[in-house]
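There are 4 protein chains.
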Amino acid sequence: MYQKQEFNKRPTKIGRRSLSRSISQSSTDSYSSAASYTDSSDDETSPRDKQQKNSKGNGDFCIKNIKQADFGRREIEIAEQEMPALMALRKRAQGEKPLAGAKVVGCTHITAQTAVLMETLSALGAQCRWAACNIYSTQNEVAAALAEGGFSVFAWKGESEDDFWWCIDRCVNLEGWQPNMILDDGGDLTHWIYKKYPNMFKKIKGIVEESVTGVHRLYQLSKAGKLCVPAMNVNDSVTKQKFDNLYCCRESILDGLKRTTDVMFGGKQVVVCGYGEVGKGCCAALKAMGSIVYVTEIDPICALQACMDGFRLVKLNEVIRQVDIVITCTGNKNVVVRENLDRMKNGCIVCNMGHSNTEIDVASLRTPELTWERVRSQVDHVIWPDGKRIVLLAEGRLLNLSCSTVPTFVLSITATTQALALIELYNAPEGRYKQDVYLLPKKMDEYVASLHLPTFDAHLTELTDEQAKYLGLNKNGPFKPNYYRRVAVRSL
Amino acid sequence: MYQKQEFNKRPTKIGRRSLSRSISQSSTDSYSSAASYTDSSDDETSPRDKQQKNSKGNGDFCIKNIKQADFGRREIEIAEQEMPALMALRKRAQGEKPLAGAKVVGCTHITAQTAVLMETLSALGAQCRWAACNIYSTQNEVAAALAEGGFSVFAWKGESEDDFWWCIDRCVNLEGWQPNMILDDGGDLTHWIYKKYPNMFKKIKGIVEESVTGVHRLYQLSKAGKLCVPAMNVNDSVTKQKFDNLYCCRESILDGLKRTTDVMFGGKQVVVCGYGEVGKGCCAALKAMGSIVYVTEIDPICALQACMDGFRLVKLNEVIRQVDIVITCTGNKNVVVRENLDRMKNGCIVCNMGHSNTEIDVASLRTPELTWERVRSQVDHVIWPDGKRIVLLAEGRLLNLSCSTVPTFVLSITATTQALALIELYNAPEGRYKQDVYLLPKKMDEYVASLHLPTFDAHLTELTDEQAKYLGLNKNGPFKPNYYRRVAVRSL
Amino acid sequence: MYQKQEFNKRPTKIGRRSLSRSISQSSTDSYSSAASYTDSSDDETSPRDKQQKNSKGNGDFCIKNIKQADFGRREIEIAEQEMPALMALRKRAQGEKPLAGAKVVGCTHITAQTAVLMETLSALGAQCRWAACNIYSTQNEVAAALAEGGFSVFAWKGESEDDFWWCIDRCVNLEGWQPNMILDDGGDLTHWIYKKYPNMFKKIKGIVEESVTGVHRLYQLSKAGKLCVPAMNVNDSVTKQKFDNLYCCRESILDGLKRTTDVMFGGKQVVVCGYGEVGKGCCAALKAMGSIVYVTEIDPICALQACMDGFRLVKLNEVIRQVDIVITCTGNKNVVVRENLDRMKNGCIVCNMGHSNTEIDVASLRTPELTWERVRSQVDHVIWPDGKRIVLLAEGRLLNLSCSTVPTFVLSITATTQALALIELYNAPEGRYKQDVYLLPKKMDEYVASLHLPTFDAHLTELTDEQAKYLGLNKNGPFKPNYYRRVAVRSL
Amino acid sequence: MYQKQEFNKRPTKIGRRSLSRSISQSSTDSYSSAASYTDSSDDETSPRDKQQKNSKGNGDFCIKNIKQADFGRREIEIAEQEMPALMALRKRAQGEKPLAGAKVVGCTHITAQTAVLMETLSALGAQCRWAACNIYSTQNEVAAALAEGGFSVFAWKGESEDDFWWCIDRCVNLEGWQPNMILDDGGDLTHWIYKKYPNMFKKIKGIVEESVTGVHRLYQLSKAGKLCVPAMNVNDSVTKQKFDNLYCCRESILDGLKRTTDVMFGGKQVVVCGYGEVGKGCCAALKAMGSIVYVTEIDPICALQACMDGFRLVKLNEVIRQVDIVITCTGNKNVVVRENLDRMKNGCIVCNMGHSNTEIDVASLRTPELTWERVRSQVDHVIWPDGKRIVLLAEGRLLNLSCSTVPTFVLSITATTQALALIELYNAPEGRYKQDVYLLPKKMDEYVASLHLPTFDAHLTELTDEQAKYLGLNKNGPFKPNYYRRVAVRSL
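Listed in order, the protein sequences are those of chains A, B, C and D. Numbering-wise, the working numbering puts 554 at position 454 of the first sequence, and it's gapless, one number per residue. Numbering-wise, the working numbering puts 373 at position 273 of the second sequence, and it's gapless, one number per residue. Numbering-wise, the working numbering puts 236 at position 136 of the third sequence, and it's gapless, one number per residue. Numbering-wise, the working numbering puts 426 at position 326 of the fourth sequence, and it's gapless, one number per residue.
Isolated chain A, as found in the complex:
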């Protein structure tokens, strides 16, 4: 639902969503390359007014155009090649069906990568009904391919708010069918069921939620004593965190800056605000490209790490006049304020890699004496009365989502984590999970990682019996205790 706040269409939801991050963001962008298939569609009829059936006569879906199924299938096939972990799960599940009997209702971005996930869940034995978690992010031709393949999908690119909730309702509200698992991204589906069909929770075995916002809402429910099923927070699993933040941002900071500004990195002075995983990734990449990087931090432990990694730790004001690029990665608000912007030099580039669009106080730039000039998509020149220009990227929204792409490998990590969380919750013996919010068990987290090692032709070493005994470990893991490295949101 991230995009909504960008378009200011549903302002009432902005506040509530302002914490949204991670998967939502990732998938938001992943559809960008393929979305063009349907952009030029001139069919203005609402999908809700159309009657469509797939080639087998099934009509339990609502999408833009079933005729695009072939294009969508092609997209899915390409994504399959880059998501070997899910394909491996399918293979391993050929004998046993760990999700046999599962009825999963899902609400996520609907993209080729999600389709690979859904078809994997199906191969593992689950039935699936699905809606979109974002009114803009649906790849229509992928939705068509899913519908053609027999999935009950209710989603199209460009839904209205009313459409949005209508689609969710169609997923859930079907006579003779009740979900027993929820896969959510942002918490809207969960919210809808709580509000409209609270009785459904009697049969639901668990919720898997992957966005920061959704997790936040679950913890609030839990604190209020209102959470009535176990929920799994997959956003904070170790593997997913490392990829969403450190590894992904190490590459996307360069990519996002290049695509928007063509700036040369060598010799540039850059200040990075925040030295969490995102900041570490940005700093490492820019240093490697020959930039001179300064860091600001509030946490002395992160600050000391920045020092030991070779970055001068400064207050923003010490360097603001001299830097060529300012990057925020704090998760905080008003990190770069008007006073800072006033002091920047001509041509300074300002962008945000952190988790909300309030890190840069963009609102403070919307004053009469400043002129805005859109020079490219996602690039504005803000011009001071004396002619000074600063180059503002993506209006202060997340650079890596707005101006870069998320590699399929990162999405594969997320989708695999979701699949394993569903399997875990669905198969857990009575009593293992209470009505609380859980992290993915360390062993499953390790399993996600191990499923991705073949991509790198990486060969894991096995403990000998003697070694396992010496370390007090099971030979198959988990190799770290469950409490190892719970990364809090604000560790960004």
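Since the hints were derived computationally from the structure, they do not count as laboratory data.
Copies of one chain are not kept apart here, so a pair can be met inside one copy or by any two copies together.
Derived EDC-like pairs (lysine to aspartate or glutamate); straight-line CA-CA distance at most 16 Å:
#, residue 1, residue 2
1, Lys445, Glu182
2, Lys488, Glu177
3, Lys326, Asp536
4, Lys415, Asp557
Given the structure of chain A, go ahead and fit chains B, C and D onto it with the hints provided.
Quick look at chains B, C and D alone, frame taken from chain A:
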């Protein structure tokens, strides 16, 4: 007590101590440069048989030679310059004395750095009695300076086992004086009091322990329900861990290899076993110097990190024939076994950076068909019948302790952590700490870091009131939750 | 003229042009972002058939549409901000006019950056007449702005071959006007004068040529004894070489791969063919992003450097089955041949960063059993009968020109070099330069560098008199002898 | 002869030698580890007064003690293992003897590595007579092994100046024997022959000289028209330069600083004066270890490289108050002067990696108000009246020679270069070389590199016939023109 196992003098303790790491190791080595003052001493009388008094007539100590006090004072003064965090603590404590009334009994390495710690504790209001935790590591001239300054120190370089326990007993067993705080390194002091003076625990407010071994023993006591006071595990504080492992090893792997072998790193093929913090430090350093580095791992999450950091993940046997250097950093045993050693190429260097001396199966090399040739201090050539030589460093013991030095900055982090842990336990309101083992509170951990930032002329940013509120944080920290990043021993 | 060979419009010129590199390449691409202004123009009348006049009534030019002058001026102003070295030259020339009396005829890409160069030459005292060196690369609105500003420009985007030579001729063949300096990029202008107006050389003081092709033709003329004026090869100046190759490619390899494939670099196995400056840049960047990089080389000195920099030196066949990305940077032909392509794994990305489009034997892929599928602009999937796909970028042409952009900073280095070469040749005392091809004097090369230091707020140290004497140097340089680092073409 | 200036024993030679660098330096240090064998020798008789014979009755040598031959042989055998290039040359020469008939008189450091060179020359067919180029650097046991092996060696550790020239004379002045090749390091041997036996040059085919000083003297002879045979400057061969400077210093800066000061590099602020090859190596290493590095330069081209590599370019005074370490790498004098030293902060480390010991104005520190305190070998504290200390390493002499070691691999590059230069000069057809100073032909330079590739298991690619033709190259090289990268002395 690490050295003991090296010299095989007290074999019965070896097993029990095999987990010893970290501070013990650090301080073990730190005395090396200055110890020479007393090496040539030809006075063979046991300190126990001498009656010495300091210039004020005080004789409540037992050391080698009070006349060396001036030399020791000079050593302490130099160390003070490099431990600004403790000096800052002294200054801040000029008004309030947070350890007023504290009676600290300590058992650690007795070096110039420890002296700075002891004199800091004293400045904060504490009385101190001290013994050595290692029979070889005492800097005699520093002990003399401490005795001259009025500290009751019982320690000298080259104690016998009997001396060792006698010294500890003299610290504790004094009429009219009872300790109320314990600072231990290895657990021997704690063990002694448990065994001989269990009643003393009634007055003791807490134990601060910093070695892996000691912590291990405390957890065992706790599990057995026998821990009768709160204990603080300072070994696993975040700041200390990062410095003991990642930052320290990143430099000491290069230093240790150079001092022993003068090997050129450029173009060398190296395999690093284990990609925890120590492994990460070793890999980063060698890659930067132009080596080609392979990694072995058992944990898929660490393995995936190695891949993303640009290292080929292999099984040892895949590369053992071709590599020039083999480094173990696992904390496991028998990581490099005779079969591997047999297959190495002529001139291959083998060393251990991990936590025990069993990572390389050195025992398997002590067979008749192999010839050992000592070519330098800490460097053996092991020669196969066909003339092949491998270069074994430090007989498989820790390279960074045996063949390198620990920077004072790392020791400063440790000493500051110890001081703050003592303050916390001593001043904690009734009930905050139970009879359990605790980690240093995150806020104190952050304070240790912040005290070291001035060394780098690093300037921390402060949250505004608005930002603190937005993040739900106190402006002064803690900035991460307490459960953040508990690093288990085996995360190495 | 590089684009011509891509479009196969003038096949007879391809052979002759196949060595074209460097500036031509750079500027080829630089127009891409802005060219869109005129793409949609539906005015199909040939500029040759139009009579246009600028606002001052001057009609001595031939361009697409004088009305676009304002748009072009805006482009030029933006470029000025990023070319401070030329602006500095203008300032320094306010008193003296080092090009007073110079009549420069030029044939280069006509872009905003070139406009800044031309207006600088004008400010230095020169008269300029200009044609395009490439039939596609002209930014029409920039040409309009130049015409409006009084420059005699003959160029538009989409010239025919006949137009091309007609434009050149119009530059040269003007009654009552004779050029005395030539600035050429590719050698076509020089060729035309040699062929049509050989007498003109009597008044010409020198030629400045910046493309590999053009330089090659000049050396051939020289060898044949037919060069009748001094010529300056600015392609091989040290500063320009470093930026065109090492620094530019270090960034553009990442940019080009991301924009075309969104590939994640972390953990990828890459083979880079050739370890000259371009290869060094590619290797350094990919290593920093976490790729595992192999290198192939023919020259043992470069090979040894690759080893010392931490790259395994292999033959292509040793790794071809396992790598994810293949990059050629050799300047050679048939470096990757069909046999290699047959053995690559599914999904392998193949691209060329070297100097000709024959490094990858793309022709060998145009056989009936292989299917080509265009998946994005500049991205083809070539599909084997068994379904294996390789991802071929830019059809084997230069990735950094086709799929990335050249930073203005690099173009600024080139333009400044050209300006200084013109000044040097124009002002050289009789006899300093013979009828031969020269490199830019070291001192001028250093001056180009020094003019770009302020961009980085970099402060150069000055020799004291005593130091200069000790080193036997002039305090103002040159600091290296002239023969220092002549980089041959094939050092790529 | 480098050591002489350190010990101030022969002050009259200091001035003349102040340019000495490179090989001289390298080998100066290489003997350090083994020299201890003979340190404790209490035989005070001068070797000149002893009559010794080897086991075959040959007495044409003068060394310390023939009985040490076995120890020396062992040293030579170990060195052989690390000098595979020379061993490969021996093998390839088994059929042809390219030095058959050569009578080489040599004057270099006499170390195990030199012995491997001498025995290689012998295996190639040459007769050798040898003296030491430095009065301190001879490894006596190696000299013994050479004498035992039949070489006429005249050298021992601790020669007087008179001994020095006597030894040289004994090499040259032998009835019935005349040298036809000279291998010199420093130019003393050449000088002696010029002065005493000028007629000898009639039979001499060439001189191979490898030190900066010696090369300088040869160029002066040449300029004065007094050079009467061809001479080869091997100091400036590309392969040797890269290893002597960039690769060697990248490692030795870390090693030298650690061994002397145990400083932690992480977070330290460092200024490196000079960004030639040595400076580049130092900067890269320290940056990789987490230091913040500033650079000073006089040459704008090197300065721009520093910027693009991510270093702030400053004047020394801008950062002198804040840095923790100052390193000179300029080849210039008085780069760090008293005024700078006065402004450094307490504890600042100052050292020299450049080519002369005048880069730091150490003399300016020998004033009454400053106190010098020797704290370790090669480490002085210089103490200001206010108590400020700076840490001066090696009294401003070369850190990498005084406090680090030169890897055998670097010495192997040098020795192989020398051997090939001798072969080239000895076998060159009449007229190829005139009475001038030459660089090693590019092809031989490449050959040196290729002989060292097997050490890295590196596999060179061969050009196909078609490719060689396309590039206009011979398949076996040279791959770069001879004028490629002539590195001038002051490029350091």
